[in-house]
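K.L.:
Listed in order, the protein sequences are those of chains H and A. Residue numbers for the first sequence follow this note's numbering, so the first one is 3 and each next one is one higher. Residue numbers for the second sequence follow this note's numbering, so the first one is 3 and each next one is one higher.
Any given hint could be a false lead.
Given that identical chains are not distinguished, each listed pair holds provided it fits within a single copy or across any two copies.
Below are the SDA-like pairs computed for lysine to any residue, each with C-alpha atoms no more than 20 Å apart in a straight line [to be verified]:
(1) K270 <-> K284
(2) K270 <-> S281
(3) K270 <-> F292
(4) K270 <-> A227
(5) K105 <-> Y95
(6) K138 <-> V158
(7) K312 <-> S98
(8) K270 <-> A288
(9) K300 <-> E361
(10) K138 <-> Q173
(11) K270 <-> D296
(12) K26 <-> L187
(13) K109 <-> D299
By construction, these hints were calculated from the structure, which means they are not laboratory data. Keep in mind it's a predicted model, so treat the numbers as computed, not measured.
There are 2 protein chains.
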Amino acid sequence: MNPTIGIIGLGYVGLPLALALAEKYTVLGYDNNPQRIAALHKGIDSTQEITSKELQAVNINYFDQSAALKDCSIYIITVPTPLKEDNLPDFSYLESASEVVAKMLKKGDIVVYESTVYPGATEEICLPILELSSLKVDSDFSLGYSPERINVGDPVHTFTNIPKIVSASNQKALATLTHVYQSILSAEVYQAPSIKVAEAAKVIENTQRDVNIAFVNELAMMFNAMGLDTNEVLAAAATKWNFLPFRPGLVGGHCIGIDPYYLAHKSKALGYTPDLLLSARKINEAVPHFIVDDIIDKLNIHQVPILEAKVLLLGATFKENTTDLRNSKAITLAQALKAAGVDLVLYDPLIAMDQTTVELAITNMLPENKKYDAVILAVGHDQFAQMDLLGLLTEKGFGYDIKAYFDIHPRIYRL
Amino acid sequence: MNPTIGIIGLGYVGLPLALALAEKYTVLGYDNNPQRIAALHKGIDSTQEITSKELQAVNINYFDQSAALKDCSIYIITVPTPLKEDNLPDFSYLESASEVVAKMLKKGDIVVYESTVYPGATEEICLPILELSSLKVDSDFSLGYSPERINVGDPVHTFTNIPKIVSASNQKALATLTHVYQSILSAEVYQAPSIKVAEAAKVIENTQRDVNIAFVNELAMMFNAMGLDTNEVLAAAATKWNFLPFRPGLVGGHCIGIDPYYLAHKSKALGYTPDLLLSARKINEAVPHFIVDDIIDKLNIHQVPILEAKVLLLGATFKENTTDLRNSKAITLAQALKAAGVDLVLYDPLIAMDQTTVELAITNMLPENKKYDAVILAVGHDQFAQMDLLGLLTEKGFGYDIKAYFDIHPRIYRL
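This is chain H alone, in the form it adopts within the complex:
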C-alpha cells in the first residue's frame, strides 16, 4: 500500500500532519491562502510551530491550486471549524474543502476529516457535498474521521506520541486508515466504533476542560465576594489525592472556547439544552469583564483616577509560550480596559510585528523607564519570569496576577 495523500488546509493541524506523513508517503499539501503556500515554499511556518530546518528536511509539494491533488487516493481535511458571530457553528471551511475534494473524487478514494465538529456533522454536512460528485459512499469511496489532538505549544505531548482515534464508514477503510496513521505514530491508534462516536469523543475532551476551568473561575468569583485568595484555597484542596488542579484564568483559543458551542448547538436542535455546558461558557466569557471590574475597584482603592491610569498588560496570546492569537481573551481584556478609559500598553515579547498585531496595538518592546499604576499578567510566558514587576510600578501602583505566576507579594493581587 503506497497511497498518495493530499492534505487540505495547512495550518496548526495540517502542517505537522503533512510533515509526519511525508516521512513515509507521497504528500501533497494544499491551502487556499497563497501567502501561506509562498512562505512554506521558502521554508517558513508563520505559526512558529515548525522550524525551517524541519520544513526543509521533508519532501512535500505545496499548492494553492486544488487541481494538483487529483492523483491522491487519500484526502485528509484539516480546516478550521470556528464560530459565527452568534456562537453558531461555521461550517464554511469544511464545506469549501469538501467541494474541492468532491471535484477530484475517484472510485476507491478515502476522504478523512480531522476538524472538530458535533456528532453527526461529518455525515450530515460533509458527506452530501462529497456525493455531489455522483459517487456514493462505501460503494464508490470511503468516509473517515480522525479528530486532531494537536496541543499548540506543548513540547511533551506532540503529534507522534498522542494516541489517535480513527473511524470510518466501512471496515476496509478503517483498516487502511489505522495502518496509515499507525505507521507515523509511536502512540496507540484507537478504532472508534463509529464516526459519530469519534466526533463525540473529540468535542467532549475540550468541553470537559472548559467546564473545569469555568468551575475554578466561578470559585474565583465567589471567593472574591468572600474575601478569600482562590490560590490559597486551591493549594489546600490540592492536598487531596483526587482534587483536580485546574487554575482560574482567561479561556480563549480555537478549541476550548469554541467546541462546546458545537456540541450545544446539536443538542439543542434535538431538544435538549445543556445548561451546564452553556453556564460554563457564560462564566468563562465573563472572566475578562470580571477582571476589568476588579481592576477598576483596585485602582479606586489605590486612589488612581481611571482616566489617568497607566496600565501594562503582559501577554496577548491565548496560551503561554505560543504566538497564537486566535480568540485570545487577553485581547478582549485589553479592549475592555481601553474602553474603561485607561492608558494601556499591551506587551507580548513573543509576537512579531505585522499588520494584524499593529491593528491589535500589541507591542513586543517595553517603553524604557515607564512606570505603571497597574501591571497585569494575563499570560504566563516563561520569559516574564525575569521581569522586575515591582520595579515597573508607580508609587501607588500594584500588580494583578491572573495566573498566580509571580510569588505572593503584598503589592500583587491575584485572581
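Following the hints, complete the assembly by docking chain A onto the known chain H.
P.N.:
Leaving out everything else, chain A in the frame of chain H:
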C-alpha cells in the same frame, strides 16, 4: 503534651478518628444517640466501617452524657451537616454540639470542628455559641478547623494516609493541632493560612466532583438524544492523556450531593449566584427521573405494559460496596419507579434488615425463580459480578446498566 481529647459525634467521621487518636492519647467519645453508645460498648459499629476486633483493640470511653467530657483539653466536633428540606444548610447538629462544648469549656482548651461547612461558618455560627461560655477566643480558648476527608468504603485511601488540612485561630493552637494530627497520620498535615481557607478547600473538593459527574450525566442525556452510547464515547475520549474518567450515574450520599448547596448558600447571601454549581446540582438531581423516563420508554418498546411490569433494582446504597443509605438516589429511583406503577423489587445483599430498611422496602434476599421485565443495576457492588442477569429476564425483558458494570450485551441498555 498529653491532652485528653473528647470527640463529639461518633459516626462515619468521629469513630475512625477516635480510634486513631486512642492509640496515642486518652480519648473520650460522646454521641447523643444512646443506641450507638450501647452498640459501641458491645464492640459493634453499625456503619460496618470498623470491625469488632478493631473496636476492642483500643481503649476508648464512650458516653451518651456530655458531662463526662469535662476534663478534656481538646474537643473535636465531628457531627453531620445535612440539608433542610429546601436545600438550605442545617446547622442544628453543629449548634447542639457547640452548646455541649460551651458548657464544659475551660481556659486553654482547643475546640476543633471537622464538619463540612461554607467558608466563615465556624467563626460566624459556632464561635458565638462557644463564647456564650463567657470565655473569649484566643485570649481564653482556641478555635480550630480540620476538615474530615473520610472516604466511606475505600480501602486504599484511609484515615491515616489521607493528607489532613489543619487551621486555627492562633499560631500556638495551630502548632498543637498539627502535632496531634501528625502523630496519628502517615500522610502530610497541611497548615492552611486561615480557618476560612480550610473550610473553602474542603467544600470545593466535593463540589468539583459533583460538577464533573454532572458533566458526564449531561453528556449521557445529550447522547441519549443523539442515539450514542455514552460509554463508547467516554472510552474513546479516555485515550487522551488529560481526559478525566468520570462516569455517569446517581449522585447521592452525605457529601457530594450536599456540600455544593452550602457553598452556594453563602455565595448567594453575598450577592453572587453560582450558576455552574447550581446547574450541576440540578442535573444530578434529575438523573433518577431521567432514568425512570428512559426505562418507561424501553418498557414500551419491549411491549411490556407499565402497570404489569416486574422490575428488579440492584443496589440501594449511595455508593458501591458500602451499607451507607444516606441520601441514596437508588432509593429515589426505586420510589419514582413505584410511583410510575411498576411492581418493584429493591435488592441489596449488603443491607441488614431493620426497621429503616423494611420501611424503604429493601430486601437482601432475591425471591427464587422470579423473572423480571427489567433488571436495573443502580449500584456496582462487587457481589453483583456473580449474578446471571440475563437468566433473570422474562422473554421480553431487558437489562439496564446505570454504571456500565456488566459487559456489553444486546439485551442490556446502558445509561
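K.L.:
Would you mind marking each hint as holding or not holding in the structure?
P.N.:
Status of each hint after checking the structure:
1. Taking the shortest alpha-carbon separations for K270 and K284, both the intra-copy value of 16 Å and the inter-copy value of 18 Å come in at or below 20 Å.
2. Taking identical chains as interchangeable, the C-alpha atoms of K270 and S281 lie at most 20 Å apart whether they share a chain (14 Å) or sit on different chains (16 Å).
3. Proximity of K270 and F292 under a CA criterion of 20 Å is satisfied inter-copy only: 17 Å between copies versus 28 Å inside one chain copy.
4. For the homomeric pair K270 and A227, the shortest alpha-carbon distance between copies (10 Å) is at most 20 Å, but the shortest distance inside one copy (33 Å) is not.
5. Taking the closest pair of Cα atoms, K105 and Y95 come within 20 Å of each other only inside a single copy of the chain (16 Å); across copies the shortest separation is 74 Å, beyond that limit.
6. Taking identical chains as interchangeable, the C-alpha atoms of K138 and V158 are never at most 20 Å apart, the minima being 41 Å within one chain and 55 Å between chains.
7. In this assembly of identical chains, the alpha carbons of K312 and S98 never lie at most 20 Å apart, being 46 Å within a copy and 55 Å across copies at closest.
8. Taking CA atoms no more than 20 Å apart as the test, K270 paired with A288 passes between copies only; the shortest distance there is 18 Å, against 22 Å inside one copy.
9. Taking the closest pair of Cα atoms, K300 and E361 never come within 20 Å of each other, the shortest separation being 29 Å inside a single copy and 58 Å across copies.
10. Only within a single protomer do K138 and Q173 lie at most 20 Å apart by alpha-carbon distance; the minimum there is 16 Å, versus 76 Å between protomers.
11. Taking the shortest alpha-carbon separations for K270 and D296, only the inter-copy value of 19 Å comes in at or below 20 Å, while the best intra-copy value is 34 Å.
12. Proximity of K26 to L187 under the C-alpha cut-off of 20 Å is restricted to the intra-copy arrangement: shortest distance 11 Å within a copy versus 56 Å between copies.
13. Neither within a single protomer nor between protomers do K109 and D299 lie at most 20 Å apart by alpha-carbon distance, with minima of 66 Å and 43 Å respectively.
Of the numbered hints given earlier, the model fails hints 6, 7, 9 and 13; all others are met.
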